[in-house]
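Novice: Going down the list, the sequences are from chains A and B.
Going by our numbering, the first sequence opens with residue 715, and the numbers climb by one from there.
Going by our numbering, the second sequence opens with residue 337, and the numbers climb by one from there.
Some hints could be false.
Straight-line C-alpha distance at most 20 Å; calculated SDA-like pairs for lysine to any residue [as the list claims (entries may be wrong)]:
id: 1; chain 1: A; residue 1: K814; chain 2: B; residue 2: K350
id: 2; chain 1: A; residue 1: K814; chain 2: B; residue 2: L415
id: 3; chain 1: A; residue 1: K783; chain 2: A; residue 2: R756
id: 4; chain 1: A; residue 1: K814; chain 2: A; residue 2: Q759
id: 5; chain 1: A; residue 1: K791; chain 2: A; residue 2: F777
id: 6; chain 1: A; residue 1: K763; chain 2: B; residue 2: T437
id: 7; chain 1: A; residue 1: K736; chain 2: B; residue 2: M377
id: 8; chain 1: A; residue 1: K763; chain 2: A; residue 2: H789
id: 9; chain 1: A; residue 1: K791; chain 2: B; residue 2: E395
id: 10; chain 1: B; residue 1: K345; chain 2: A; residue 2: G757
id: 11; chain 1: B; residue 1: K345; chain 2: A; residue 2: K783
id: 12; chain 1: A; residue 1: K763; chain 2: B; residue 2: T422
id: 13; chain 1: A; residue 1: K814; chain 2: A; residue 2: Q716
id: 14; chain 1: A; residue 1: K772; chain 2: A; residue 2: R756
id: 15; chain 1: B; residue 1: K350; chain 2: B; residue 2: T422
id: 16; chain 1: A; residue 1: K783; chain 2: A; residue 2: T766
id: 17; chain 1: A; residue 1: K814; chain 2: B; residue 2: K345
id: 18; chain 1: A; residue 1: K791; chain 2: A; residue 2: K814
Covered, in the sense of this in silico footprint (three residues per stretch, anywhere, with C-beta under 8 Å from a C-beta of chain B), are these stretches of chain A [stated by the list, open to error]:
id: 19; stretch: 758-765
id: 20; stretch: 789-802
Think of the hints as simulated: they come from the structure by calculation, not from any bench.
Ideal Cβ positions, reconstructed from N, Cα and C, are used throughout, including at glycine.
The primary structure of each chain is shown beneath.
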Amino acid sequence: AQSVAQPEDQVNVAEGNPLTVKCTYSVSGNPYLFWYVQYPNRGLQFLLKYITGDNLVKGSYGFEAEFNKSQTSFHLKKPSALVSDSALYFCAVRELGTDKLIFGTGTRLQVFP
Amino acid sequence: NAGVTQTPKFQVLKTGQSMTLQCAQDMNHEYMSWYRQDPGMGLRLIHYSVGAGITDQGEVPNGYNVSRSTTEDFPLRLLSAAPSQTSVYFCASRVEQGSGTEAFFGQGTRLTVV
Numbered sequence: 715a716q717s718v719a720q721p722e723d724q725v726n727v728a729e730g731n732p733l734t735v736k737c738t739y740s741v742s743g744n745p746y747l748f749w750y751v752q753y754p755n756r757g758l759q760f761l762l763k764y765i766t767g768d769n770l771v772k773g774s775y776g777f778e779a780e781f782n783k784s785q786t787s788f789h790l791k792k793p794s795a796l797v798s799d800s801a802l803y804f805c806a807v808r809e810l811g812t813d814k815l816i817f818g819t820g821t822r823l824q825v826f827p
Numbered sequence: 337n338a339g340v341t342q343t344p345k346f347q348v349l350k351t352g353q354s355m356t357l358q359c360a361q362d363m364n365h366e367y368m369s370w371y372r373q374d375p376g377m378g379l380r381l382i383h384y385s386v387g388a389g390i391t392d393q394g395e396v397p398n399g400y401n402v403s404r405s406t407t408e409d410f411p412l413r414l415l416s417a418a419p420s421q422t423s424v425y426f427c428a429s430r431v432e433q434g435s436g437t438e439a440f441f442g443q444g445t446r447l448t449v450v
């Protein structure tokens, strides 16, 4: 069965510092990986995805993610965090041939001024 | 272009009552799905549809029914609400171009069953 793990419930970082939100996955074939962000009382917004090609994927709001097949990881990164980046972040993997998007449990990012 | 629209935004039900959560999308997406979000558990798939007239069960389908009579609408029915169905419900849609397209989410419906 396909699964996604986000090992950190919360990540704290100072504004201006680089941030990393971790995600590891388990799939039987090639993964389709996604990152979403959820602001308070809002729906999920798509940030970026990895389908194939370059291992470094660039997305919205200055975020990027690095796909590492050997470590089965897809960590979300940003070179310089903003207070407005504070939100709940979800990693997800799609099961091939279906519409089943499997989510991690989420990581709350808190950026302090 | 409204995207994915969910109604209502908030709802309180008594145990045993029934209700329908509405979801509509105006992007002509083939795929639509319903998730529930619970603290510490991420989002879990309830039901999904790959096109009008076609639905299938997700990870947590018990207590919920769906139908897809049109491309635009994908209502979720709770036949007899239970406190365990207290959750935030999200509807999503995506275009069918293989498994690599991203889903677009509605704003959510916060449901409380007392």
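Novice: Determine for every hint whether it applies to the structure shown.
Specialist: Here is what the structure says about each hint:
1. A/K814 <-> B/K350: 31 Å, violated
2. A/K814 <-> B/L415: This hinted pair is violated, its Cα atoms lying about 24 Å apart.
3. A/K783 <-> A/R756: Measuring from Cα to Cα gives roughly 32 Å; hence the hint is violated.
4. A/K814 <-> A/Q759: Holds. A/K814 to A/Q759 sits at ~17 Å (cutoff 20 Å).
5. A/K791 <-> A/F777: Holds, at roughly 6 Å.
6. A/K763 <-> B/T437: 9 Å, holds
7. A/K736 <-> B/M377: 16 Å, holds
8. A/K763 <-> A/H789: 11 Å, holds
9. A/K791 <-> B/E395: This hinted pair is violated, its Cα atoms lying about 30 Å apart.
10. B/K345 <-> A/G757: 11 Å, holds
11. B/K345 <-> A/K783: At roughly 40 Å apart (the allowed maximum being 20 Å), A/K783 and B/K345 break the hint.
12. A/K763 <-> B/T422: Roughly 31 Å between the alpha carbons, so the hint for A/K763 and B/T422 is violated.
13. A/K814 <-> A/Q716: Holds, because 10 Å separates the two Cα atoms, which is no more than 20 Å.
14. A/K772 <-> A/R756: 23 Å, violated
15. B/K350 <-> B/T422: The given pair, whose Cα atoms are some 11 Å apart, holds under the 20 Å limit.
16. A/K783 <-> A/T766: 11 Å, holds
17. A/K814 <-> B/K345: 24 Å, violated
18. A/K791 <-> A/K814: 25 Å, violated
19. 758-765: holds (count 5)
20. 789-802: violated (count 0)
Figure legend: structure checked against the earlier numbered hints; hints not met, in rising order: 1, 2, 3, 9, 11, 12, 14, 17, 18, 20.
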